Amino acid sequence: MIALFVGVSSYLSAGILSLIFSRYRFWFSLVGWVGGLIGTSLGISSYLGSGPLVGKLGRWGILGIEIIIDQTTLLFAGLVVVLNLFTLIYLRGTKKGVFYCLYNFLLATTFSIAFSHDLFNLYVTIEFMSLVSILLIGYERKAYQIYAGAKYLIMSSLAMSLYLIGLGLVYRVGGSLGIGELARTLDGGAGSCISLGICLMLTGLAVKGGVFLFSMWLPDAHSYSDTVVSALLSGMAIKSGLIGIIRVSGLVDLGQLLLILGALTGIAGAIFALMSNRPKKILAHSTISQVGYILLGIGTGTSAGILAASLHLFFHGLFKALLFLSVGSAEVGRDNIDRARDLSLPWTSKVGLFIGSVSIMAIPPFNKYFSKTLLVEQVNQEWVWFAMLAIGLGTALYTLRLDWALIVEARTDRTGKSDLSIVAVALAVGLSSFLAWVILGSAEMAQLLNFHHLIAYIAIPLVGGLALLGMRKRLSGLSAPYFPFSLENSLVSLFTGFLVIELVLFAL
Amino acid sequence: MSTGLLASAISVVIVCIGVLGLILKRNLLMKLLSLNIVNTATILFFVLIVYNPGDRAPIDPTPGVQYADPLPQALVLTSIVINFGVLALSLLFTMVLVKRYHTLDLIKIEDFVRREFEEEKS
Chain X
1 MIALFVGVSS YLSAGILSLI FSRYRFWFSL VGWVGGLIGT SLGISSYLGS GPLVGKLGRW
61 GILGIEIIID QTTLLFAGLV VVLNLFTLIY LRGTKKGVFY CLYNFLLATT FSIAFSHDLF
121 NLYVTIEFMS LVSILLIGYE RKAYQIYAGA KYLIMSSLAM SLYLIGLGLV YRVGGSLGIG
181 ELARTLDGGA GSCISLGICL MLTGLAVKGG VFLFSMWLPD AHSYSDTVVS ALLSGMAIKS
241 GLIGIIRVSG LVDLGQLLLI LGALTGIAGA IFALMSNRPK KILAHSTISQ VGYILLGIGT
301 GTSAGILAAS LHLFFHGLFK ALLFLSVGSA EVGRDNIDRA RDLSLPWTSK VGLFIGSVSI
361 MAIPPFNKYF SKTLLVEQVN QEWVWFAMLA IGLGTALYTL RLDWALIVEA RTDRTGKSDL
421 SIVAVALAVG LSSFLAWVIL GSAEMAQLLN FHHLIAYIAI PLVGGLALLG MRKRLSGLSA
481 PYFPFSLENS LVSLFTGFLV IELVLFAL
Chain D
1 MSTGLLASAI SVVIVCIGVL GLILKRNLLM KLLSLNIVNT ATILFFVLIV YNPGDRAPID
61 PTPGVQYADP LPQALVLTSI VINFGVLALS LLFTMVLVKR YHTLDLIKIE DFVRREFEEE
121 KS
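In order, the protein sequence lines correspond to chains X and D.
Sequential numbering from 1 applies to the first sequence in the working numbering.
Sequential numbering from 1 applies to the second sequence in the working numbering.
Hints in this document: simulated from the structure, not taken from any laboratory.
Just so we're clear, the structure is a prediction, and the values are computed from it rather than from any experiment.
Cβ coordinates follow ideal geometry from the N, Cα and C atoms, glycine included.
A few of these clues could be false.
[Said to hold, decoys possible] Here are some of the chain X residues that sit facing chain D, going by a computed Cβ distance under 10 angstroms:
# : residue
1 : L63
2 : V124
3 : E127
4 : I134
5 : R334
Could you put together the complete structure from these sequences and hints?
Right, here's the structure in full:
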């Protein structure tokens, strides 16, 4: 309990103080970061001491808000703290006090989502998080940012309305809002009322969480906004919806549905990333694609599968933030990569891009390899295995295409703009695989590092590279098809997705 | 079927009307109004689905009387406040867009936005 209190209150006070005394905004934010770090460490020490813990906030008995401390919580809270540090050293006081205020508020809300184990508390924190992130998207007041923010606002408000309807249905039958309490009342046996309610809640969370068909606001919002905002949104803000899905998936068995959604999300995101030709757009679509793995992990239903999903959530936040920061610091985020010879990047950005891309392609010693192999070990259906192979191949294709343009073809800028903070972040991302070792232990690690996995994960990027060499001409001819993710299309695809969920849930 | 369930079915119909308006109207302001209809109908739904005819207000602690559940009211108040915030923010964004492009037609705005994004050098 004290962990949540320390983290959230220090972030909130850092936000308010950096708005009032904007001269010292960087130092206040640093103090906020220390508070978040202390909060996370308190959570870790409590977890190590007494294992997973579900408790009530306040002294209101059954009306108290349920909070939880388990591996998912700690990984997400840790992700918030780490991304806070990354973006702080990248920013180094370049923005105004208002930006720091909103930035700290965003961190406070995402930090509290990690601990939330109550359906209505999830609603409030996620809604607050999206309001703050919309303000951050439109921070530079460019018209396209305002438009992307408005689209996100309308879709997320609609989504949360659907969530509230579902919550009403679940509350009517279950009689409480705490997820632990509900799980005890329902005990796995769900009537059609509960199924419909969970279905609506899942739709709402999927819009927040970057699931394909549901959150088509994402490519615009993540690619039009400022670099730091993109990194934070892609790295942690969309994960709040996924945390919600992890929590809700404990109530009824959603396994098959989440597997289907995960495979669809992963493959479709990779295809759209391959068709885009602006680095930030590619990275935004790649976020959708990576969400697919997390859904697959939740869909396996085992505790190791959930751990794999949480680990993937953590690692994805790290390397995606690194990729966004390195593209943004070179200011090439909106250029066309088909004409990459005209571009120039400082060496720091190239290093950051390199480390980020070997991580995203899951090449063995880097972090994503461990979460992905842990996930593969949990999958016991053949088609899921093939879907994962397809997603991996797609990831390799678009990453190598981006790398070829920005690392090999683009010139190295020797005059300036080199930003050493990118190298520090890249180093941290490169070393983060030690964290997998700390969490999983040596025995599990040795099992994950076996021969089959190593061969498979080295072969996938190689095959991808060869395919790219063969298709290069055709790809650049095919690229840049204009697919309008307009508000209307996004809304229609949201309801298509809702119908798909409904059909799958009632057919199985 | 109890009165509460029937009434909540009607509120679902209102949600559907709002959603249709949200998808079919081209005017941005109309879209926001439809969104507000959806949000309000959601609140109506939430109030009605836990409504039980004959329950007393939970302020008078006489023993032996059936009291209404106080929790949904607290939840609904919170979500009304959130919806107010969302509406205010979306109207602000609409104002900025209208000032910039002098139109409320969403298709035109999307066209302008895309062109502006691609022409502006990063």
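Inset, instruction - List in ascending order the numbers of the hints, as given earlier, that are violated by the structure. - result: none
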